[in-house]
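J.: Chains as they are written, first to last, in the working numbering: chain A, 27 to 139; chain B, 626 to 872; chain C, 13 to 142.
There may be inaccurate statements among the hints.
As the list claims (entries may be wrong) - Subject to a maximum C-alpha distance of 25 Å in a straight line, what follows is the list of computed PhoX-like cross-link-like pairs (lysine-lysine):
no. : chain 1 : residue 1 : chain 2 : residue 2
1   : B       : LYS842    : C       : LYS104
2   : B       : LYS842    : B       : LYS742
3   : C       : LYS30     : B       : LYS767
No lab work stands behind these hints, which were simulated from the structure alone.
Note that the structure is a prediction, hence the values are computed from the model and not measured.
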Amino acid sequence: MAKSNKPIVWSLFAAGGTLAALLAPVLVLLFLLAALGHAPGLLSYAQLHAFAAHPLGKLFLLTVIALFLWHAAHRLRVALHDFGLRQDRIVAVIVYLVAATGTALSVLYLTRI
Amino acid sequence: MNERMVQLDVLRYDPQVDDEPHFQHYEVPCKEEWVVLDALNAIKESIDPTLNYRWSCHMAVCGSCGMMINGEPRLSCHAFLRDFEGVIRVEPLANFPIERDLVTVADDFIDKLKRVKPYLIPGETRSIDEGEYIQTPAQLMKYRHFSMCINCMLCYAACPQYALQPLFLGPAAITLAHRYNLDSRDGGRDERQQVIATNEGVWECSFVGACSEVCPKAVDPAGALQQVKVASTLDWFREHLLPGDTK
Amino acid sequence: MSRRPFVRPVSRTRWYFKHPRYLRYMSREVTCVFIGAFTLLLLCAVERLSEGQAAYESFLAAIGGPWSALGLSIVLIFVVHNAISWFNVTPKALPVQIGEGFLPGRFIVAAHYAVWILISLAVLFFAGVL
Ligand code: SF4
Ligand code: FES
Numbered sequence: 027m028a029k030s031n032k033p034i035v036w037s038l039f040a041a042g043g044t045l046a047a048l049l050a051p052v053l054v055l056l057f058l059l060a061a062l063g064h065a066p067g068l069l070s071y072a073q074l075h076a077f078a079a080h081p082l083g084k085l086f087l088l089t090v091i092a093l094f095l096w097h098a099a100h101r102l103r104v105a106l107h108d109f110g111l112r113q114d115r116i117v118a119v120i121v122y123l124v125a126a127t128g129t130a131l132s133v134l135y136l137t138r139i
Numbered sequence: 626m627n628e629r630m631v632q633l634d635v636l637r638y639d640p641q642v643d644d645e646p647h648f649q650h651y652e653v654p655c656k657e658e659w660v661v662l663d664a665l666n667a668i669k670e671s672i673d674p675t676l677n678y679r680w681s682c683h684m685a686v687c688g689s690c691g692m693m694i695n696g697e698p699r700l701s702c703h704a705f706l707r708d709f710e711g712v713i714r715v716e717p718l719a720n721f722p723i724e725r726d727l728v729t730v731a732d733d734f735i736d737k738l739k740r741v742k743p744y745l746i747p748g749e750t751r752s753i754d755e756g757e758y759i760q761t762p763a764q765l766m767k768y769r770h771f772s773m774c775i776n777c778m779l780c781y782a783a784c785p786q787y788a789l790q791p792l793f794l795g796p797a798a799i800t801l802a803h804r805y806n807l808d809s810r811d812g813g814r815d816e817r818q819q820v821i822a823t824n825e826g827v828w829e830c831s832f833v834g835a836c837s838e839v840c841p842k843a844v845d846p847a848g849a850l851q852q853v854k855v856a857s858t859l860d861w862f863r864e865h866l867l868p869g870d871t872k
Numbered sequence: 013m014s015r016r017p018f019v020r021p022v023s024r025t026r027w028y029f030k031h032p033r034y035l036r037y038m039s040r041e042v043t044c045v046f047i048g049a050f051t052l053l054l055l056c057a058v059e060r061l062s063e064g065q066a067a068y069e070s071f072l073a074a075i076g077g078p079w080s081a082l083g084l085s086i087v088l089i090f091v092v093h094n095a096i097s098w099f100n101v102t103p104k105a106l107p108v109q110i111g112e113g114f115l116p117g118r119f120i121v122a123a124h125y126a127v128w129i130l131i132s133l134a135v136l137f138f139a140g141v142l
């Protein structure tokens, strides 16, 4: 048996999991406040646009979206296996393709801002 | 000394007669301070000499008396009767084929254990004249808790990934490989990584953590496997991204 | 005497009902669905943001309301569950050895919680909530 190439996706999973643990709750909270009609200042068009227009803001958003997506994709692959779906290869291709597409799209959108 | 009647439902299987296992009910007088293994011994001595199970040390050292006790992988010599109420359900260790009654077929685990080379492969060979391989207490501490494994296989019985994918090398074998990989006197890590840094090795693990919860020796195999993942990931980047290193 | 080992069947789709710890594990694994869904929402926000003020503000309006709030509350529960279960096992993956002993795991966990709280407060402050 050859050594596995899973370290590629696992390192993204682990990095994304750490980032999601640190940031996801507070980010969700911001959106929840917005849904409740108390949108934080940052989520106003002017402020968020200014944030995303700054290179560091872009880097932040890209990192968050990409790593969250890869984290979720890899864990979903494992979870589907755990739920009894045995087509691991197909599942892997689909979930990673979605993560890669999401990453590419976020780059595209961010360059437009 | 207090005695009381203890009730047990024991899974029986006789390969010559039975098509599948079935529970047999026993009631046996037990002393207050007894463990489940004592109850089984009392059954075998005075009620039913045909009951089969493995044990040896009666002190959580030999690792041969593992069973499912009320659905939990336990050493039967370490499961005190006073901690149980009502009928105690005793089954052979989960995830292993049943040879007879509570005796399981451990061949798969033994084979996996061999494959990870769980012994010292000296990094440098020293002649006897040169003396022993020196190790500091700090170097010993690195792997000491991983060396406490008694090969009881409780972690395999608890691991759902091993249940779902029997090719998985499993907690104890990978932990033992890690134990030698961490040993300052050892030079066999590359050989072992070929076996454990594979899809059916450590990468089959999804960190359920059940192994560490049931381990009677606080070995923490789940921790070992996470560390193996981290180390194997660093290996991967070193092997694929650093120029010149083609191993 | 012939051997005839009996292999007990394992359910591939319902195994996690066999023990509470498996259910706990699965509850951690399904957090990925909520993290994934939320990230797609973020991606949506960025897309609308790139299309200009009107598009973005209609997006904001669309995520308003009690049903969104309910949905996001559920997402919040699961992402917090991911955070807690993630931090709690950090000492296993990254133990810290000091000389002949190990730094007690609870310190490593506590350090992660501290950083988590600090970052969350910083984000809330930066976002103008605090
Ligand atoms: S790691 Fe623990 S549970 Fe597993 S075989 Fe070793 S002692 Fe038993
Ligand atoms: S009889 Fe030796 S471990 Fe239980």
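J.: Which of the numbered hints are not met once you compare them with the structure shown?
T.: 3
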